[in-house]
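Just so you know, we're using my numbering here: the sequence shown kicks off at 362 and counts up by one.
One or more hints might be untrue.
Just the calculated beta-carbon pair ranges, DEER-fashion [said to hold, decoys possible]:
#1 L374 - E478: 31 to 39 Å
#2 T411 - V380: 27 to 35 Å
#3 G363 - Q424: 39 to 47 Å
What the hints contain is simulated information worked out from the structure, not anything from laboratory work.
All C-beta atoms in this analysis are idealised placements derived from N, C-alpha and C, irrespective of residue type, glycine included.
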Amino acid sequence: MGRNAHGVRGMALDPGQTVISMLVAEDEEQSVLTATENGYGKRTPIVEYTRHGRGTKGMIAIQQSSRNGQVVAAALVRPDDEVMLISTGGVLIRTQVKSIREMSRSTQGVTLINLGEGETLAGLERVAEREGEDVEE
């Protein structure tokens, strides 16, 4: 495309919807870790997400309800990874991915972090390296 082009539609979004993450899987052994604003989340094998063409609606990654709230983050993880969860109240938790239950796409998830009154989950990130590992040069 030329410099003045507007690009092509990647995904069709309904009013009020936003894209929270774009994940590029390296292989089929990875899982998608999805987290919601009320501290719930789950791991889903990447093979449960089918391929779609441009401009489609996509697929449901986690069932949303008043119990778990809106989706706030998604990350590609492996069982030996660790993730950091942070709340709007400043609470930071580091946990192993293998301790988070693997579930199908159509479930609501399990508790990832206990939140205080008025707090929500602000974000989730995979830890780049584990504690005690040497950095490769």
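Outcome of the hint check:
Checked against the given bound of 31 to 39 Å, the beta carbons of L374 and E478, roughly 32 Å apart, stay inside it. The beta-carbon spacing between T411 and V380, approximately 18 Å, falls outside the hinted interval of 27 to 35 Å. In this structure the hint that G363 and Q424 lie 39 to 47 Å apart at CB holds, the actual value being about 42 Å.
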